[in-house]
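The listed protein sequences correspond, in order, to chains A and B.
Going by numbering that gives the first Met the number 0, the first sequence opens with residue 0, and the numbers climb by one from there.
Going by numbering that gives the first Met the number 0, the second sequence opens with residue 0, and the numbers climb by one from there.
Just to be clear, a hint being listed does not mean it is correct.
Since the list gives no way to pick one copy over another, a pair counts as held whenever it fits inside one copy or between any two copies.
To be verified - Derived lysine to aspartate or glutamate pairs resembling EDC-like cross-links, with alpha carbons at most 16 Å apart: (1) Lys23 x Glu45; (2) Lys39 x Glu185; (3) Lys187 x Glu45; (4) Lys39 x Asp148; (5) Lys187 x Asp198; (6) Lys74 x Asp143; (7) Lys66 x Asp87; (8) Lys66 x Glu8; (9) Lys187 x Glu43; (10) Lys7 x Glu185; (11) Lys230 x Glu69.
Bear in mind the hints are in silico, worked out from the structure with no lab data behind them.
Fair warning: this is a prediction, and the values are worked out from it, not measured in the lab.
2 protein chains.
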Amino acid sequence: MIRQLFDKETSTYTYLVADMRSRKALLIDPVDAQVERDLKLLRELELELVYTVETHVHADHVTGSGKLREATGAKSVVSATEGVGCADIPAAHGHRLALGSLELEARATPGHTSGCMSWVLEHEGRTHVFTGDTLLIRGCGRTDFQSGDSTTLYQSVHTQLFSLPDSTVVHPGHDYRGQTHSTIGEEKAHNPRLNREIDQATFVGIMADLKLAPPRMIDVAVPANLSCGRKVEVQGG
Amino acid sequence: MIRQLFDKETSTYTYLVADMRSRKALLIDPVDAQVERDLKLLRELELELVYTVETHVHADHVTGSGKLREATGAKSVVSATEGVGCADIPAAHGHRLALGSLELEARATPGHTSGCMSWVLEHEGRTHVFTGDTLLIRGCGRTDFQSGDSTTLYQSVHTQLFSLPDSTVVHPGHDYRGQTHSTIGEEKAHNPRLNREIDQATFVGIMADLKLAPPRMIDVAVPANLSCGRKVEVQGG
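Same shape as in the complex, but just chain A (with noise of 0.2 Å):
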């Protein structure tokens, strides 16, 4: 099962992922504020939360992964590149999350940042990926802070994530215009930053003109999310 829930405050999508034969699940993306609504979920479903996953250390939301471990006693996955000390599953290129009869496959998706990773799941006969700000509906996450980077970002797209089928379903990390899912078809015909068209040298210099203003949350969330959730004294700011 998979089932798209959304925090309407920050636009962010969090994941619910089980396999119902095991009652096994995991949560990609939880978000602090959304724990209660989350934990009330699997309960309800009668669900063993196994794994909290991020597709990367947020700048806009905090994780609800410390909440739902301290819960639960899920295990926290995150790329080890992203350099979260207090992560369970510091996860590589390549690893798989088995979670009952499911299993997910990360594909390191740099760009964003330095380590995002996408993760891929067979389900039901067809092909999910899990994006995060890597690849958004119609649009890409931005790469001008934290360790982000333009030219990585489009690497990872084109090598990672528009080698997998055309009819692969894209969950993304966030959308902003009410979209809620996409197909890896779909981006590569439409995405107006990262469609088929548009070469490397296009793509950078369409990231470098966006002069976006700061994350609001950037101060509290990234060193937050970089202690597993747990907020912590800001110096300086």
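With the hints as your guide, set chain B onto chain A.
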């Protein structure tokens, strides 16, 4: 294909349903403010909009059906009971809407309004129901304005919706807590107002005690929706 779309301003879900062989599509509960997004998606997916379907006359947002009809020629479908004189297809309980090889079937589920309809679809081996405001995830539409009646809503849910298979996917008209879908089995077990332990009198009491403020947009939305999305001069208001 079923694709959920969200209007953040009013927490409204719109659904794009398409038969990918014939490329025929319909939109359930389109939102006026999102028509450009929805038309763009139809163009990108190379779909022909054949119908717009209203689950009811909304009090919280203006329908996009008028603009969509002008742009595409799609026929608007709404329960005859709602009294929308400009609708192309006034539907009754049991109405079948063909969409290429797909078929949606109307179930009259009054209670939130007297003309509320849910639409049932068999798709990829599963039953789906678009419930509008009759059944929400762990909730239901209010029954204290327009032609609402809580006894009627209780009967609609228990006879028309809870009679569907437990595995039926519930696609609601709104959600305010970031939940995207549910199942009939889950709602029978966990809906705090309508689970199988709650009798009709208790439900009527719960609804009478809600004491909600009137919806912000009711004076604009209801007259506009009775005119297929044309915003009309409101007398008095």
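Evaluated hints:
| no. | hint | result |
| --- | --- | --- |
| 1 | Lys23 x Glu45 | within (9 Å within a copy, 39 Å between copies) |
| 2 | Lys39 x Glu185 | between (35 Å within a copy, 13 Å between copies) |
| 3 | Lys187 x Glu45 | between (38 Å within a copy, 15 Å between copies) |
| 4 | Lys39 x Asp148 | neither (38 Å within a copy, 30 Å between copies) |
| 5 | Lys187 x Asp198 | within (12 Å within a copy, 52 Å between copies) |
| 6 | Lys74 x Asp143 | neither (30 Å within a copy, 46 Å between copies) |
| 7 | Lys66 x Asp87 | within (14 Å within a copy, 52 Å between copies) |
| 8 | Lys66 x Glu8 | neither (19 Å within a copy, 30 Å between copies) |
| 9 | Lys187 x Glu43 | between (38 Å within a copy, 12 Å between copies) |
| 10 | Lys7 x Glu185 | neither (25 Å within a copy, 23 Å between copies) |
| 11 | Lys230 x Glu69 | within (15 Å within a copy, 52 Å between copies) |
This entry does not satisfy hints 4, 6, 8 and 10, going by the numbered hints stated previously.
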